[in-house]
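Peer 1: Below, each chain spelled out in residue letters.
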Amino acid sequence: MKLTLDEIVTLTGGTLVRPGSATLITGLASLDEACAEDVSFLGNEKYYKEFLQTAAAVVLIPPDVPEQPAESALIEVANPSLAFGEMVKHFVKKRQAFTPGVHPAAHVADNVTFDPSQVCIKPGAVVESGAHIGAGTEIGPGAVVGTDVRIGEDCTLYANVTVREGCIIGNRVTLHSGCVIGSDGYGYELVDGRHQKIDQVGIVLLEDDVEIGANSTVDRARFGKTLIGEGTKVDNLVQIGHNAQVGKHCLAVAQCGISGSTHLGDYVTMAAKSGCVGHIKIGDHAVLTAKAAAMGDLEGGQVYMGMPARPMRETLKSKARIARLPKLMAEVKEMRRKLDQLNPAS
Amino acid sequence: MKLTLDEIVTLTGGTLVRPGSATLITGLASLDEACAEDVSFLGNEKYYKEFLQTAAAVVLIPPDVPEQPAESALIEVANPSLAFGEMVKHFVKKRQAFTPGVHPAAHVADNVTFDPSQVCIKPGAVVESGAHIGAGTEIGPGAVVGTDVRIGEDCTLYANVTVREGCIIGNRVTLHSGCVIGSDGYGYELVDGRHQKIDQVGIVLLEDDVEIGANSTVDRARFGKTLIGEGTKVDNLVQIGHNAQVGKHCLAVAQCGISGSTHLGDYVTMAAKSGCVGHIKIGDHAVLTAKAAAMGDLEGGQVYMGMPARPMRETLKSKARIARLPKLMAEVKEMRRKLDQLNPAS
Amino acid sequence: MKLTLDEIVTLTGGTLVRPGSATLITGLASLDEACAEDVSFLGNEKYYKEFLQTAAAVVLIPPDVPEQPAESALIEVANPSLAFGEMVKHFVKKRQAFTPGVHPAAHVADNVTFDPSQVCIKPGAVVESGAHIGAGTEIGPGAVVGTDVRIGEDCTLYANVTVREGCIIGNRVTLHSGCVIGSDGYGYELVDGRHQKIDQVGIVLLEDDVEIGANSTVDRARFGKTLIGEGTKVDNLVQIGHNAQVGKHCLAVAQCGISGSTHLGDYVTMAAKSGCVGHIKIGDHAVLTAKAAAMGDLEGGQVYMGMPARPMRETLKSKARIARLPKLMAEVKEMRRKLDQLNPAS
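Protein chains in written order, with this note's numbering: chain A, 1114 to 1459; chain B, 1114 to 1459; chain C, 1114 to 1459.
These are computed hints drawn from the structure, not numbers from a lab. If a hint is listed, it holds; no wrong ones were tucked in.
Heads up, the list lumps identical chains together, so a pair's fine if it works in one copy or across two of them.
Listed next, the in silico DSBU-like pairs over lysine-lysine satisfying Cα-Cα at most 30 Å (straight line):
#	residue 1	residue 2
1	Lys1310	Lys1206
2	Lys1446	Lys1432
3	Lys1440	Lys1430
4	Lys1394	Lys1162
5	Lys1310	Lys1202
6	Lys1451	Lys1440
7	Lys1430	Lys1394
8	Lys1115	Lys1162
9	Lys1159	Lys1202
10	Lys1202	Lys1115
11	Lys1159	Lys1394
12	Lys1310	Lys1159
13	Lys1206	Lys1115
14	Lys1115	Lys1310
15	Lys1162	Lys1202
16	Lys1394	Lys1432
Treat the numbers as computed from the prediction; the structure is a model and nothing was measured.
Build out the structure end to end from the sequences listed, making use of the hints.
Peer 2: Now the structure itself:
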């Protein structure tokens, strides 16, 4: 992530208004966070104060900015936000540049099917026998792809990901570091005072364009499959239980949990730390707010709060009533006083 | 996981009623989830509709089924559930087949004690000096066994597990991918405005038949040991603090947390996202329901809800009272009206 | 962790009062948890009962203890707590002994800057190109240090840690096993019914003396940086979102979460399972108690409870009112009875 001032001018198609003193640009930052090697942008007049005080090496500015920060190089462009967005894309493309090849310090079993000229396997990665890896896919350092796993095209498995045996990963799937796909479902039967394990012989199927966050866990099905539908995005430290069926284009935010055999429709949002008990159905476009806990089926298209999760309106009403308790108590006290006046002997 | 139709007939001791068209069976699934390479079973009349519509390659059926799905091969057996269970066991046995040997891409320090003909160490695994690994134990790819760790017999450490120095693991223990055993307890002393670390020199002891879920964490003791008793099963993303003493045959469900120095009796259940503060005692057979938070000692044999966790009956009563607030408020309003009629001047 | 009785006498400067039978000491434990190879101490009279029943191999005792346990060797010292603390330090120093060197089973890219005589890189670790590792730093087995990461001096990265590309780690930072630094922030834009990823091109900056717990996750900024201030200690399974700015000397206890772009002041405490929504400010020295959820800005110097988090006093008052509901209901019922007596017809 290194650019010269000239390269930025070329990249943005802008005009160098003032050269400043920086020679090498290594980062992107907002005006207030920018350091002496960062490029930033003035995208909105409301950040004008931050602009004048910025420590950025370079700022992309709109035409006709009256004042200037002390040090920064300034490049005038028609639309600074757009131009900055293009730079971000440039950096991303460069950073994510895909260099195919199996590193000698990776371990790939003999009967893995893949095209070595189309796949990138990093040092310390392990791919076990019978696995298939599609073209354009990168297996990060220390990532483990289990026996008979099938991974589609253009996927990214970051460092230290684990995909256990038999699981199926679609195309353009991103697995962030430390996530575990296909760990055993949590199922036991109490026999003579001991928890006997119920075998978990199913798999996990992640459809196309799914993203699973760092250190999240998706358990394999008892049999059949745990399913995460196309385009669903799962944040960090999320737990998805065995045989859960998550629909398409859902959002599962950090530290939420979906228990076993629960079905989520499409476009469901589970906010941070929310949860669903097992064996229930959540309808399309339902939203569970932060820490909400679904304890039974929920209709789609509504926003739910609390535990048990109820439509937001009801929960807010209930909370408002509790807030009015002091008033109610005072009222009752006052009525008691009057009643005693009316009826002193009783 | 590949079987022919003939092999399934042999395995189940059933009778081929109709051969269907599938030649290779690769999975197990319920009737509604089954695909064209799966075997399924009709275990209960209530699934008859799913049976008629199933896409399964093979279905195990009881005697005298009147109608049939369009395509599936059908094998008649006396008890389809039982026969299917036997097939699951067959697959599990095959999948978990233990092949001893230290892979050349594993790194085992010189002075590790183990019998190479009895232990399986996968590529990318690291076993540090002074460790002991019992017969029948498998160390998965990328798993790390620290200095002086002792692991018993017939254990499974899945990919990318970490067991830190000095910890002791019993027999038949299963550690799922990404879990961390023996990380430092969280203890600091505030000295001159800085948190000074309190050294954590104890260990973790996992007794026989313990199972720890994916990405769960069990901290080592300050000194002495953090203990997980025999037969206790811990789900994914669970946190167990330093010096916690968890009894035998407990269940700790996903995303729950047990704080430092807390003692759980035997057969305690902590449901999903429940928690215990530190330094308390939870009695045998106590149940904390989902998201319950124990803030003090709890007697055994009861079910607890809420925060602070109280006997379920009390919490439900309290919730019922809150639900009756609208009625109470209406009642008070009505009484106020009557009182004003009786005593208009006051 | 092995000592003879003589070595303990030397180490503590004490007097051997009774030799006992143990020859080899391998652990440290409290009196009630000590086993036959442990050393323990009688630091306080209230543990006298545990002392008499201890199974410890050796006990450090103060002068003039009248009775003795049956078996243990006894070493008299002026201050047993202090002497035991010294032994703990001895063990820690020995355990953490830093042996520089790059293990042949580690993979370090060609253009990593470090002094091989001053750095320890363990088997299975991967350090990618452009990284810098300071003197006195240890990279544990299976840990992955991404492209262009800069790590300061005297840091410890335990087994299976991941630090992704470009992140910056200060001096004396400890990263516990399985934690992930620099995973992508969770940001999408809904375009034509699909969640399009917002590129996350920033970094994570961990200042000096930060500690991150096992399997915790710290997301990289959209651009700019996610910041954890000097001396802040993060426990296990904590989620810190993109562009969060955590102050100095904060405590973030297990399973808490800090959402994106939220700013924490200095010395903030987030207890277990607490959370903050995104884009808010929490003042210096604020405390969120267990499971509290900050839904808006919070002033510093106060203790907050509940969801939404409110000053503890208010939350406790509200809870007390709910607890008084049965009394209120009985009161209203009684008043209704009296009112009906006064006004039977209405």
